[in-house]
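Q: Given chain A, put chain B in place with the hints provided.
Number of protein chains: 2
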Amino acid sequence: MTVELRNPQTLGAVASSDPVLPERWCNLLTRLPEPLPPVLDPPGAETSPIALMRRIRLRELLTQDESTKPWIDIPGEILERYEEMGRPTPLTRARRLETYLGTSARIFLKREDLLPTGSFKLNSAIAQCYFARQEGAEKLVSETGAGQWGQALAYACRLYDLGSVVFWASVSEQQKPGRSALTRMLGATVYPSPSAETDVGRQLLADGQAPLGSLGSAIGEAICYARDHAEFRYVSGSNLPHVLLHQTVIGLETRRQLEILGARPDVLIACVGGGSNLGGFMGPFLEDKAARGDELRLVAAEAASAPRLTRGELRYDHSDPVGITPLTRSYTLGRDYPLPPTHVGGLRQHNGSAVIGVLRKHGLLEARAFEEREIFEVGSLIVRLEGLLPAPESCHALAAAIAIARENPREKRNIVVCISGNGWLDLEGYREHLPS
Amino acid sequence: MTVELRNPQTLGAVASSDPVLPERWCNLLTRLPEPLPPVLDPPGAETSPIALMRRIRLRELLTQDESTKPWIDIPGEILERYEEMGRPTPLTRARRLETYLGTSARIFLKREDLLPTGSFKLNSAIAQCYFARQEGAEKLVSETGAGQWGQALAYACRLYDLGSVVFWASVSEQQKPGRSALTRMLGATVYPSPSAETDVGRQLLADGQAPLGSLGSAIGEAICYARDHAEFRYVSGSNLPHVLLHQTVIGLETRRQLEILGARPDVLIACVGGGSNLGGFMGPFLEDKAARGDELRLVAAEAASAPRLTRGELRYDHSDPVGITPLTRSYTLGRDYPLPPTHVGGLRQHNGSAVIGVLRKHGLLEARAFEEREIFEVGSLIVRLEGLLPAPESCHALAAAIAIARENPREKRNIVVCISGNGWLDLEGYREHLPS
Chain A
1 MTVELRNPQT LGAVASSDPV LPERWCNLLT RLPEPLPPVL DPPGAETSPI
51 ALMRRIRLRE LLTQDESTKP WIDIPGEILE RYEEMGRPTP LTRARRLETY
101 LGTSARIFLK REDLLPTGSF KLNSAIAQCY FARQEGAEKL VSETGAGQWG
151 QALAYACRLY DLGSVVFWAS VSEQQKPGRS ALTRMLGATV YPSPSAETDV
201 GRQLLADGQA PLGSLGSAIG EAICYARDHA EFRYVSGSNL PHVLLHQTVI
251 GLETRRQLEI LGARPDVLIA CVGGGSNLGG FMGPFLEDKA ARGDELRLVA
301 AEAASAPRLT RGELRYDHSD PVGITPLTRS YTLGRDYPLP PTHVGGLRQH
351 NGSAVIGVLR KHGLLEARAF EEREIFEVGS LIVRLEGLLP APESCHALAA
401 AIAIARENPR EKRNIVVCIS GNGWLDLEGY REHLPS
Chain B
1 MTVELRNPQT LGAVASSDPV LPERWCNLLT RLPEPLPPVL DPPGAETSPI
51 ALMRRIRLRE LLTQDESTKP WIDIPGEILE RYEEMGRPTP LTRARRLETY
101 LGTSARIFLK REDLLPTGSF KLNSAIAQCY FARQEGAEKL VSETGAGQWG
151 QALAYACRLY DLGSVVFWAS VSEQQKPGRS ALTRMLGATV YPSPSAETDV
201 GRQLLADGQA PLGSLGSAIG EAICYARDHA EFRYVSGSNL PHVLLHQTVI
251 GLETRRQLEI LGARPDVLIA CVGGGSNLGG FMGPFLEDKA ARGDELRLVA
301 AEAASAPRLT RGELRYDHSD PVGITPLTRS YTLGRDYPLP PTHVGGLRQH
351 NGSAVIGVLR KHGLLEARAF EEREIFEVGS LIVRLEGLLP APESCHALAA
401 AIAIARENPR EKRNIVVCIS GNGWLDLEGY REHLPS
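These protein sequence lines map, in sequence, to chains A and B.
Mapping of the first sequence onto our numbering: position 378 corresponds to residue 378, and the numbering continues sequentially without gaps.
Mapping of the second sequence onto our numbering: position 295 corresponds to residue 295, and the numbering continues sequentially without gaps.
Same shape as in the complex, but just chain A (with noise of 0.2 angstroms):
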């Protein structure tokens, strides 16, 4: 779809030669305090899972993610999209929220709900698409939790003529039927995880393990169907450097929007999951906080049914639970945490991105977690005060700034949180968790 037309007095327009939409996106990994950890084959395998890693994905974001320069050009037909599809996201003020809480500090939201599927995820579903394209590949498999990417993912699939297959974690795919309806519409084939479909679903399925499914099941039987499957090329929504990189649109936007407010960041929240909306959102940040220290806060908002860096621990551990996946250096609940069936499946997994891990061990990344009845309370207020539903995720970043800003209510300050969704489609868990 082709935005023919908008005018840009209506919504606060900035001067024409000053653009916010970035043109080349900010590699995190040359702004860490030290070197990612690498990722590890498991001590006497008998098959190497990098291997298996290098043989099932595009070469392009193996490339990047290793990539030493600071700075990766967004290639030209990834602009337009990113153009046509509605970037920049608009920055706005939670006023009504402010005035409720009776701070003195402004609220602002970067609005990636607003994006065509309701989430951020499409940034990155775009580059992949692009460059599976350019790389030659027909068809792309992959996990999904909540759905966000999921759905992002078989929309811009249907952009680049590709083929998809999601295999979805099983608990979040029932609590959604409407995403999942539309996923399915977009062209995707989903399979709820564990699925008897792949060596990984199966074995999960008669361990008797993990019946609900996790991102970590779906992810297992993501890459084992590419392993099984040569015409397909495995793709990932998040926890992975590239994938942070191209979420970096989403800072470079809003430090840009800032600027030209003249509003100085002291506080910024996103929720975390595997990690890319914090990463794209705060990477471009990094070195402000470098240069600021306490003055600049970085706040990473989790759930408290799968607490990773309230309660976690910081090791190597494999991301599926059954050990498909390399190791990974980050904070971790242990592949066999029993994860709740709570209706926040974007958060919903046992660890996360190194690239969090390292944020997080050098006290960079302050973390609060939060119970599920006590975020649907904060959608539903945001919804009356602002007409915004949140999806459930992006609630935990709202918590955050409603407990931050209560802390010290006279303080002036600006508190910007990523709403990475919208709620449209999690109405579900919504309708369960309050009164009618």
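Please note that the accuracy of each hint is not assured.
Pairs count within a copy or across copies, as identical chains cannot be separated in the list.
[Stated by the list, open to error] Derived SDA-like pairs: lysine to any residue, alpha-carbon spacing no greater than 20 angstroms straight-line:
1) Lys412 / Thr30
2) Lys69 / Asp41
3) Lys139 / Leu385
4) Lys139 / Arg55
5) Lys69 / Ser380
6) Lys139 / Arg384
7) Lys69 / Ala290
8) Lys139 / Gly387
9) Lys412 / Arg311
10) Lys361 / Pro307
11) Lys139 / Arg54
12) Lys361 / Glu411
13) Lys361 / Arg292
14) Lys412 / Glu259
15) Lys289 / Arg31
16) Lys69 / Gly363
17) Lys69 / Pro177
18) Lys139 / Arg158
The set of hints was computed from the structure by calculation and includes no laboratory data.
A: Positioned in the frame of chain A, the structure of chain B alone reads:
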């Protein structure tokens, strides 16, 4: 919510001295080929529905319904709200649909689906709530069919701190649990109609008449509720001249956007329920129609299950099944017409706007009717091609566009379709009709 910043560069910006957002609404009443037939009281009625409506409606809206001014200034505060909510909405090009159809026509989409509540209804809801607040009203009651109006009204009432009660055609409310939940979360009290809350509802329940409800039953109940609750004003989201007036913001923007693109419209298409989407979209083109005759086609797309324009007759009828409303002269199927429980709640009524009646009577408006299965197939095609999931109502307009494009595939024309709303909260209908 205030949009603080959005970069005009990204969306095909127009020079800033050339705003698309109009500052005046266009009054259709002064552009009709004959005066609007007045509403009437039923002969020999004990009480006067007209007097009742005068008592329970907002004064400014009554004035607008009879205004002879060709243009009516949009109050500055409403303009601000329009801007905040993303007006002007984009005019996009459906290039992949054009390619799929192999048509030489250009197909433009006016994207009302991108407004915060997902439909065009907010254009009038904002205006009505503004006038309600001006007149010191504190609570509003209304009806809704598919729920787009109820949701928009609930949202606008939040912005103006008004209470809201919504009577919602029972079958539609049940079909759309997500939309219903969201409307309640926005603060509205929702009653499925027919309900036990009002005399009208109790009468319908006792008679076993219209157990599924319809827009008509909900209209009757909302009016009855306002009659019996003095603290409430009654407002409505379609049919009436003032609603069409507010919605002309759609057509005025579209006309300006097409002018800037240098694209003269050949066919304008909208779905038609009560008529505010069609009237608002096409009203500003009525003078062009008068000048250009058959060179400019105005096409109404209706539901085959409620075929007012294609099978109804032009005569006076009540807009509710009990007869609490004044008599309106429009195309009607009769107020006892058994409307089947389709997933097309926004078009599911037995009559419509008197304005549409005049346009149709004078041959200015073509009409086409589409079956439910057909329109869900169209929606499914559109989401695969364009990423946009249209509301079932909007699918009718798209179905008409596709049919017209196919009739003369080689003809170079500009076909402009109004997308009245998105279908994210209508996925139950899609799921019921499409193979999984």
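Q: Hint by hint, say whether it matches the structure.
A: Hints, one by one, checked against the model:
1. Lys412 / Thr30: neither (32 angstroms within a copy, 53 angstroms between copies)
2. Lys69 / Asp41: neither (26 angstroms within a copy, 77 angstroms between copies)
3. Lys139 / Leu385: Only across copies: Lys139 and Leu385 sit 18 angstroms apart there, 43 angstroms inside one copy, limit 20 angstroms.
4. Lys139 / Arg55: within (15 angstroms within a copy, 64 angstroms between copies)
5. Lys69 / Ser380: neither (43 angstroms within a copy, 43 angstroms between copies)
6. Lys139 / Arg384: Intra 42 angstroms, inter 16 angstroms, cutoff 20 angstroms: inter-copy only.
7. Lys69 / Ala290: within (19 angstroms within a copy, 62 angstroms between copies)
8. Lys139 / Gly387: So Lys139 and Gly387 pass the 20 angstroms test across copies only (19 angstroms; inside, 38 angstroms).
9. Lys412 / Arg311: neither (31 angstroms within a copy, 64 angstroms between copies)
10. Lys361 / Pro307: within (15 angstroms within a copy, 66 angstroms between copies)
11. Lys139 / Arg54: within (17 angstroms within a copy, 63 angstroms between copies)
12. Lys361 / Glu411: Neither way: Lys361 and Glu411 sit 28 angstroms apart in one copy and 65 angstroms across, limit 20 angstroms.
13. Lys361 / Arg292: Close inside one copy (18 angstroms), not across copies (71 angstroms); limit 20 angstroms.
14. Lys412 / Glu259: Classified as within: same-chain Cα gap 17 angstroms, cross-chain 46 angstroms, threshold 20 angstroms.
15. Lys289 / Arg31: within (11 angstroms within a copy, 61 angstroms between copies)
16. Lys69 / Gly363: neither (25 angstroms within a copy, 66 angstroms between copies)
17. Lys69 / Pro177: For Lys69 and Pro177, the Cα distance exceeds 20 angstroms both inside one copy (42 angstroms) and across copies (49 angstroms).
18. Lys139 / Arg158: Close inside one copy (11 angstroms), not across copies (46 angstroms); limit 20 angstroms.
In summary, the structure is inconsistent with hints 1, 2, 5, 9, 12, 16, 17 from the numbered list given earlier, while agreeing with the others.
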